[in-house]
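Visitor: Now for the letters of each chain:
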Amino acid sequence: MPELIAKSALEGRSLNLGGVSLAEVDVGPITSVAVLPGGAKTVARGLKALGLAMPEPNTFVEKKGLRIVWTGREQAFLIGAESPVLEGAAVTDQSDGWAVLSLSGPAAADVLARLVPMDLRIVACPVGTALRSQLNHMNAVILRTGDYAFEIMVFRSMARTAWHELETATHMVAARAGVKI
Amino acid sequence: MRLTCPLCGDRDRREFYYYGAEDYLHRPAEGAPLADLDNYLHLRDNPAGVTKDLWYHEAGCSQWLLVTRNTVTHEISGVELVAGRKA
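If you're matching them up, the sequences are chains A and B in order. Under the working numbering, think of the first position of the first sequence as 1, with each following residue one higher. Under the working numbering, think of the first position of the second sequence as 1, with each following residue one higher.
FYI, nobody ran anything at the bench for these hints, they're computed from the structure. The beta carbon of each residue, even a glycine, is placed where N, CA and C say it ideally should be. Watch out, some of these pointers could steer you wrong.
[Said to hold, decoys possible] Example chain A residues on the side facing chain B (calculated, C-beta under 7 angstroms, incomplete):
#	residue
1	GLY72
2	ARG73
3	ALA113
4	PRO117
Working from the sequences, and respecting the hints, build out all of it.
Guide: Right, dumping it as structure tokens:
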């Protein structure tokens, strides 16, 4: 079999404007862990071996480069390394299904606020928050990774649309900051 | 309008999809009289006051929600997961 080369959705595109950096990031393998009925205990044991646990709703936890993100009832994404077999859960590889963008800088929250119907101020959305919400009309998982940093996961097929939305909003925020009243 | 999803918290209306009356949760058993099926599929109350209906959190946790609301005051008095409900 010929050697196949993995290509990212946006080929590592990046943008710096008005103190905001937008870039595609490679987060490594993404695995969905969906707990089967009655499987909570064995899954907890399996995750404990990795130093992790099923996350609380609307949160994610990071440990030693491994990240576990709440993505729904009895469901999480394990990101950063291949998942071991977890007894009691449906474990499926989702790596190729997602595109991940990082948005950072002092005005990052202002940019996202134009597209996401959530309160993204640090008081309402502290570091460690994982939101399943919308980026304009697109379903997205939004992670608060730092005081001035977010990571946004969208379906890979929506990557260029998501980029366009975020790029446009970044330009608008930068333009707004340049207007003297 | 905002709904407080039991999992996601307080969310905007645009994240949800309206399905219909709570009646959809009470499907008649197999072999039930035709009148019951007719009722289940077609006949709905139209109350001025408290009503219960199903909403889908399509842009959030993808859960079905049972929402209790008042059609007169627009008050939302309860949102619960259909999945966690005791039948």
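Visitor: Now, for every hint given, state plainly whether the structure supports it.
Guide: Consistency of the hints with the structure:
{"no.": "1", "hint": "GLY72", "in the structure": "5 angstroms, holds"}
{"no.": "2", "hint": "ARG73", "in the structure": "6 angstroms, holds"}
{"no.": "3", "hint": "ALA113", "in the structure": "13 angstroms, violated"}
{"no.": "4", "hint": "PRO117", "in the structure": "4 angstroms, holds"}
Hint compliance for this structure: hint 3 alone is broken.
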